[in-house]
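Keeping the supplied structure of chain A fixed, place chain B upon it in accordance with the hints.
So the protein lines, in turn, are chains A and B.
Sequential numbering from 1 applies to the first sequence in the numbering used here.
Sequential numbering from 1 applies to the second sequence in the numbering used here.
Just so you know, not all the hints are guaranteed correct.
[To be verified] Residues on chain A that point at chain B, a partial pick, calculated with CB under 7 angstroms:
(1) R97
(2) N182
(3) N205
I should point out that these hints are in silico values taken from the structure, not numbers from a laboratory.
Just so you know, these numbers come straight off a predicted model, no measurement behind them.
A virtual CB, placed ideally from N, CA and C, is assigned to each residue, including glycine.
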Amino acid sequence: MKRLMSSVAVLAVSTAVAHAQTPAVPDNLEKLSNFQTTGTTEFTLIDQEGEYADGIKKNLERIKLPDGFRIDLYAVVPDARHMAVGPQGIVTFVGTRKDKVWAVTDRNKDRVADEVKDFAPSLQFSIPNGPCFSKDGFLHIAEQNRVLLFPAAEFFYESPDVAAFNLVKKGELVPAEHESFNHTARVCKIGPDGKIYISLGQPFNVAPAESLDTYRQHGIGGIIRMNTDGTGREVYTYGVRNSVGHDFHPVTGELWFTDNQVDGMGDDIPPGEINRQTAAGQHFGHPWYGGGSIRTTEYEGQEVPVEVVMPAAEMDAHAADLGMTFYTGGMFPERYRNAIFSAQHGSWNRTTPVGARVMVTFVDGDGKATTETFADGWIDENGEYLGRPVDVAQLRDGSLLVSDDLAGALYRISYEGN
Amino acid sequence: MRGALLAILGGGMLVVQGPAAGAQQPGDPQAGLRKAGMCRTCHGIDGVARIPVAPHIGGESAAYLSRQLTAFRDGTRTHEMMSVVAKGLDDQSIADLAAWYSSHSATASLPPDRNEAMAPEACVACHGADGLATVEDAPNLAGENAIYIDTQLKAFRMGKRRHEIMSEIAAGLGDADIRALADWYAGTRLDVVPAK
Numbered sequence: 001m002k003r004l005m006s007s008v009a010v011l012a013v014s015t016a017v018a019h020a021q022t023p024a025v026p027d028n029l030e031k032l033s034n035f036q037t038t039g040t041t042e043f044t045l046i047d048q049e050g051e052y053a054d055g056i057k058k059n060l061e062r063i064k065l066p067d068g069f070r071i072d073l074y075a076v077v078p079d080a081r082h083m084a085v086g087p088q089g090i091v092t093f094v095g096t097r098k099d100k101v102w103a104v105t106d107r108n109k110d111r112v113a114d115e116v117k118d119f120a121p122s123l124q125f126s127i128p129n130g131p132c133f134s135k136d137g138f139l140h141i142a143e144q145n146r147v148l149l150f151p152a153a154e155f156f157y158e159s160p161d162v163a164a165f166n167l168v169k170k171g172e173l174v175p176a177e178h179e180s181f182n183h184t185a186r187v188c189k190i191g192p193d194g195k196i197y198i199s200l201g202q203p204f205n206v207a208p209a210e211s212l213d214t215y216r217q218h219g220i221g222g223i224i225r226m227n228t229d230g231t232g233r234e235v236y237t238y239g240v241r242n243s244v245g246h247d248f249h250p251v252t253g254e255l256w257f258t259d260n261q262v263d264g265m266g267d268d269i270p271p272g273e274i275n276r277q278t279a280a281g282q283h284f285g286h287p288w289y290g291g292g293s294i295r296t297t298e299y300e301g302q303e304v305p306v307e308v309v310m311p312a313a314e315m316d317a318h319a320a321d322l323g324m325t326f327y328t329g330g331m332f333p334e335r336y337r338n339a340i341f342s343a344q345h346g347s348w349n350r351t352t353p354v355g356a357r358v359m360v361t362f363v364d365g366d367g368k369a370t371t372e373t374f375a376d377g378w379i380d381e382n383g384e385y386l387g388r389p390v391d392v393a394q395l396r397d398g399s400l401l402v403s404d405d406l407a408g409a410l411y412r413i414s415y416e417g418n
Numbered sequence: 001m002r003g004a005l006l007a008i009l010g011g012g013m014l015v016v017q018g019p020a021a022g023a024q025q026p027g028d029p030q031a032g033l034r035k036a037g038m039c040r041t042c043h044g045i046d047g048v049a050r051i052p053v054a055p056h057i058g059g060e061s062a063a064y065l066s067r068q069l070t071a072f073r074d075g076t077r078t079h080e081m082m083s084v085v086a087k088g089l090d091d092q093s094i095a096d097l098a099a100w101y102s103s104h105s106a107t108a109s110l111p112p113d114r115n116e117a118m119a120p121e122a123c124v125a126c127h128g129a130d131g132l133a134t135v136e137d138a139p140n141l142a143g144e145n146a147i148y149i150d151t152q153l154k155a156f157r158m159g160k161r162r163h164e165i166m167s168e169i170a171a172g173l174g175d176a177d178i179r180a181l182a183d184w185y186a187g188t189r190l191d192v193v194p195a196k
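Next comes chain A alone, as it looks inside the complex (with noise of 0.2 angstroms):
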């Protein structure tokens, strides 16, 4: 069995693993699909002791959180992104902006994983960023231009072949000639109605005026929505520049979502977005707005030919806030009960770097939303970044995890008291 050594040095790039996949792979998704064996018989799994988890301990020591609450190392996953958590509570899948899917699983139930290997190992997987679960257990993968279902994942992940099934095959998502690697990690959400949220970043800082039907017929720069056998799709948000993180109101049921705006117009604006929408077919503003109520400079001047919504919280400029989700858990303390908690990235060209941190925001009945810093210290006093925040999930017992794409580790964020 091949182990990938977590002691990888940060300067040896060992992507050797990645040669599972010999050139003429056949497509083992067929197979898989006709519950055919593939012959591939082998995982890769990840050290989750040793030195590189070491590091990553050491520097969650520097993690401020609010009294009663602590941090710890859950998993060591390679470029770890956006989590779904298994409705049975056995496995948390990890999706990547590479070419692979993590399955995490804790057996002994001491909230420390103890087992970290790829899912599904005979697909070939391009940016598999996106995993979300039905409550029936199907998992769902939003890939670049693809969208795989996986019946009974939970079960079915113990062995290297697995049932798999298109629900949007490839190419199908969006045009090929739209395909981009930047702005395409999908998120993906079962909504309360049943259907499938996938979010559509556009590939563009602002999107170009020639690329504006064509987009918003296909949902790019928007999130769309499908039946989970995939019919009846159709474009549910509008005028998004690129979200990476949604989840729906545990009370209202409506669909809240973070987008990252405009770059190169200042390291102050545009602020980033949690924005909230009411009703199918909202408009958010871009590319007319840069973020909040900036106008950006390519559009500048021009009558926004839309009706725009605007956020229910503004974010710091450049912050880049991704994942999200609403707290359902008895763990917290009350206040916490139905606040959204999300993750920011950081900024990637800011003259003093921000973000790196976990926020939580609370909405009052009006709808109101006010924003806490709720987890940082991420960015270290040289301005380099120790970690950086994916998304959220809530583990069952209502902990927190917390993903990290450049240290590659899950954390597990949990209260208990003073």
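Coordinates of chain B only, in the frame set by chain A:
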């Protein structure tokens, strides 16, 4: 020159070091280091990428780096992030940044279960079997994320990115070919030894 390099390549490992000859303007690596704050979140201060969408650039030839930065600045190559960053760079800054990142040493190697004979024929003359470039006009591909290489080849095929050799090579490749080439180089290993 190329013959000699290919001969070295036969040894399985090639070391590229120091600023490449022929850079249009002499750059100062230390000045580049001071300006690299805007690069490091994505490319690392040593040129080892910190995010999958960014390529590794440590130990790349100064000529290649200058050309790409100039192309981003002038709009002949576009990228959502790089076009924003490069817009504000003057020629001296580009030369300095290229000098800094090219001053690192890059080495590459194949995984134990592969040999050079298995390397993609269309690529090896310029990018090496192990992904270490043999000509200064070509980037290293060793250890690059497969999706990055896949994206670039498709950009050449579609005309979004242009190069006299690459446009022609990519034009003849199908999606599966492209992914196979990308997976080959993603499966090689890059080590970067930072400059002092």
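Hint check, N182 of chain A versus chain B [nearest Cβ-Cβ separation less than 7 angstroms]:
5 angstroms, holds
Close enough to count: is the Cβ of R97 of chain A nearer than 7 angstroms to one in chain B?
4 angstroms, holds
Classify the hint on N205 of chain A as holds or violated, based on whether any CB of chain B lies nearer than 7 angstroms to its CB.
5 angstroms, holds
In this structure, none of the earlier numbered hints is contradicted; all agree with it.
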